[in-house]
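Participant: The primary structure of each chain is shown beneath.
Protein chains: 2
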Amino acid sequence: MIYKEEIARQYQLIQDEITAGLELLDGTATFEQELWEREGGGGGRTRIMQNGNIIEKGGVNFSAVHGELPDAIKKAFKVEDNNFFATGISIVIHPNHPLVPIIHMNIRYFEIDENTRWFGGGIDLTPHYVFDEDSQFFHNYLKNVCDEFGETFYTKFKTWADDYFYIKHRNETRGIGGIFYDRLSPESSGISWQEVFEFSKAVGRSFIPIYSELVNRNRAKEFTQQQKQWQYQRRSRYVEFNLVYDAGTKFGLETNGRIESILMSLPPQANWVYDFKAEEGSEEKKTLGLLKKGIDWV
Amino acid sequence: MIYKEEIARQYQLIQDEITAGLELLDGTATFEQELWEREGGGGGRTRIMQNGNIIEKGGVNFSAVHGELPDAIKKAFKVEDNNFFATGISIVIHPNHPLVPIIHMNIRYFEIDENTRWFGGGIDLTPHYVFDEDSQFFHNYLKNVCDEFGETFYTKFKTWADDYFYIKHRNETRGIGGIFYDRLSPESSGISWQEVFEFSKAVGRSFIPIYSELVNRNRAKEFTQQQKQWQYQRRSRYVEFNLVYDAGTKFGLETNGRIESILMSLPPQANWVYDFKAEEGSEEKKTLGLLKKGIDWV
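If you read the sequences in order, they're chains A and B. Just so we're aligned, residue 15 is where the first sequence starts under the working numbering, counting upward by one. Just so we're aligned, residue 15 is where the second sequence starts under the working numbering, counting upward by one.
Be aware that one or more of the hints could be misleading.
Claimed, not checked - With a straight-line cut-off of 27 Å between C-alpha atoms, the simulated BS3-like cross-links for lysine-lysine are:
1) A:Lys306 <-> B:Lys264
2) B:Lys182 <-> A:Lys88
3) B:Lys170 <-> B:Lys215
Hints listed in this document are in silico derivations from the structure and should not be mistaken for laboratory results.
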């Protein structure tokens, strides 16, 4: 049996590991922490880094909240119990370097009662410029994490990420995807609660090795002002996805969540250029061609 | 009797007047025009100016589209006829100068059949810094336009704008409001179709005198880099409103409208700073205090 308090405690440890790892990776900046409490119950630790050596704006948020369910949600879930519990870590990192990718990670657990509880989460990558070898490294790493827990996990969760991180009005994916899963339980996954929990932690603990590798591969590369402009334009697509489609953001805005924690995912600077056309044969054009569902990077 | 073709023709003339007026106001840049056709019927003239002397990014779009109504909308409107017609002008101007306000204007006409048709539109102002005398000028000008057509118009449409241009998750209005109206007909307004049409044109024709005055009052003022940063932060709120709440934008994104025309309203550059707090007693703090509903500027 795993208890929600234990899940929250383990997630806090993972948050600590990740912020320590990111400070080491960045080399100069440190995280500022804000503790907050939720009126209806629970609270969180928002940790933000701004204007670092490589991390221009990054947030690593932990929360564990509980309280009464709104009647509508109670009905939708067909539950008797009035109380919910939710805990998770949510990360978005915007690097200052256009050749270093944006990364997002989330692990979470939700519980109403013994029969209505599950894990969710995922990691996905949004490179401003898509490099084949980095994309392959990223997806292979995730496949290895998945393969330890279920042989169908990677394929299923990779497809889920492709479908989820999709900017419909642009007909492009937010980045090169990754994995996304929700409502994971013994019933839906075929593994025990303990194993589902271990999988969730393994996803969380894959963040630092993955992102450190991707940052260190690219941080010393020189870049041009034109590439910097392209980075700002790609970030505007990130804004569009998060404000128009992202379920977590929408839920947070609609339920009067802590706005600054929810919107820490937005980039420090984003640019919109009217009807920008990437040049044929350019790196920008190549990247646009790879922002599609269903690419097999493994 | 007024015909839809005549309304579209008059709107085109107003678009011409406005782009000519804005080119004169800017002094250096000119509009680039893109003609587009809608698959289901009709089309438009998108006119964009970028990197002008004062206009960093501005769009003045005209469209006149027609076609078949989706069944769901047909039912919602309780109409028999399958065809709709819609024409309008939509404008957003982002100036490069932080002491010059962002402005938005829209006039539109929608028709299904003789009994189901109306005008809508409005003008609203989003100053990066709210100046009392400019706000008073703006609202007084609009009140004068309104008063010529109906004595309740200004109060009603001003309140409507306050309610519409509201960023709920920030608990602030997008700017200092203006006027907003919809479904205007003889029945809802107490004036004839011809007069409703004249009112719509009067709103459209008020754009150039209003914005020219506001630009010329402020364009020669010196500004600091800090004010420029504040401008970028205010623009990020504009992005949040347009992507999260604006009905026209949402409708456009959901119905596969012409994306670049819909999203021309987004600023050339916007910045998000985590948990920014304006200093007590600063101009920024004063502005935040004036981004509220129900302020009487007249």
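Participant: In ascending order, which of the hints set out earlier in this document are inconsistent with the structure?
Facilitator: Hint check: nothing fails, all pass.
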